[in-house]
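Novice: Following the hints, put chain B in place on chain A, whose structure we already have.
One line per chain: the protein sequences are A and B, in this order. Take 1 as the starting number for the first sequence in this note's numbering and just add one per residue. Take 1 as the starting number for the second sequence in this note's numbering and just add one per residue.
Mixed in with the good hints, there may be bad ones.
One copy or any two copies: either way a pair holds, since identical chains are not told apart in the list.
Straight line, CA to CA, 27 Å or less: simulated DSS-like cross-link-like pairs of lysine-lysine [claimed, not checked]:
| hint | residue 1 | residue 2 |
| --- | --- | --- |
| 1 | 179 | 51 |
| 2 | 57 | 153 |
| 3 | 118 | 51 |
| 4 | 118 | 57 |
| 5 | 149 | 179 |
| 6 | 185 | 88 |
The hints are simulated quantities; they were obtained by calculation from the structure and are not laboratory data.
2 protein chains.
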Amino acid sequence: MSRINQGNHISIPMPVALVGALVDGRPNFLAVGWVSRVNHQPPMLAVALNKQHHTPKGIIENGTFSVCFPNVAMEQVTDYCGIVSGRKADKGGLFELFYGETGTAPMIAECPLNIECKLVQTVELPSNNLYIGEIVSGYSAERYLTAGKPDFKKLDPLLLTMPDNTYWRLGESVGKAWKDGVTLKNQLEENNAQV
Amino acid sequence: MSRINQGNHISIPMPVALVGALVDGRPNFLAVGWVSRVNHQPPMLAVALNKQHHTPKGIIENGTFSVCFPNVAMEQVTDYCGIVSGRKADKGGLFELFYGETGTAPMIAECPLNIECKLVQTVELPSNNLYIGEIVSGYSAERYLTAGKPDFKKLDPLLLTMPDNTYWRLGESVGKAWKDGVTLKNQLEENNAQV
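With the rest of the complex left out, here is chain A (with noise of 0.2 Å):
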């Protein structure tokens, strides 16, 4: 089989959030897509961001920041927002805002999913920072929810991959994690007890 070298720039299709701080006691929210789950308990997350950007100095500053994931609905607003840097716009004044258990994590209204965090590390890169917060707390509508958990079908999540630069809407559901391997696994083994 031939294998196509793709170089180094290679991103996967990544959840796209809003990461909102007050930046001098100003609610301001950057786009991105580097956004992972890193720590089981306490649940933690991780955003790593460009350092010349202007959220991080409100991150830093309060020691709190939100990871507000946006719907298919809110590409367009979602977009502008890793447009137009903070400095010279009042990206706040595009939503409606509430706030949490920190206070100082500003949060999107229009967003299916919020989640606050206290930050608890920051890990410095070349051309990145990469800051680790606490969960706090995550909320959602209760439009989004079926049986009082977050229904991904509902929540309609902007995914983007790179260097197509396109935005997509998950698919349809394919199989159930911890589940479907179980029949792979028994029969591995069944034939492992043959030989």
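Specialist: Frame of chain A; chain B shown alone:
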């Protein structure tokens, strides 16, 4: 608007990967959802692995690891790699393997996108360790490319959400990044000019 507190164990749509390493000389793979790009230049990514797993031993031993992205057709074998430990099963034997520049990061021919990394930093967190790797190269077979670049509809990557533990396919494209926000930027600037 009512907002319902979802506690702090929140996940978002995650690209599922098989993280590979040579453990005591034997290729092993672990299914993970906590993977993200973290640095622009040089390109880096990070994977967050529970400290009890078998694969981290190999990452530390060799200072290299792979991040292999399965497609939807590999859903069952991927889930299996998240259920069974490499201490008990030969997971490397499930795949056709190949190696790249590092020579010690096992990659999976069946995966439409494989990335090999050199370990640059380990961040210790309470229950997980975050392994930050510089991306040496990414590899795709020609059938997954369009005009020489990864085509994510052809790649058909596997996504995971929690706490519903559901695998998903990528849906339809809904827009272009660093482009669709420009219309809104122009409108807002025109409005401001008129005030």
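Novice: Does each hint hold? Answer for all of them.
Specialist: Hints, verified against the model:
| no. | hint | result |
| --- | --- | --- |
| 1 | 179 x 51 | between (41 Å within a copy, 23 Å between copies) |
| 2 | 57 x 153 | neither (35 Å within a copy, 38 Å between copies) |
| 3 | 118 x 51 | both (19 Å within a copy, 23 Å between copies) |
| 4 | 118 x 57 | within (15 Å within a copy, 30 Å between copies) |
| 5 | 149 x 179 | within (20 Å within a copy, 34 Å between copies) |
| 6 | 185 x 88 | between (56 Å within a copy, 11 Å between copies) |
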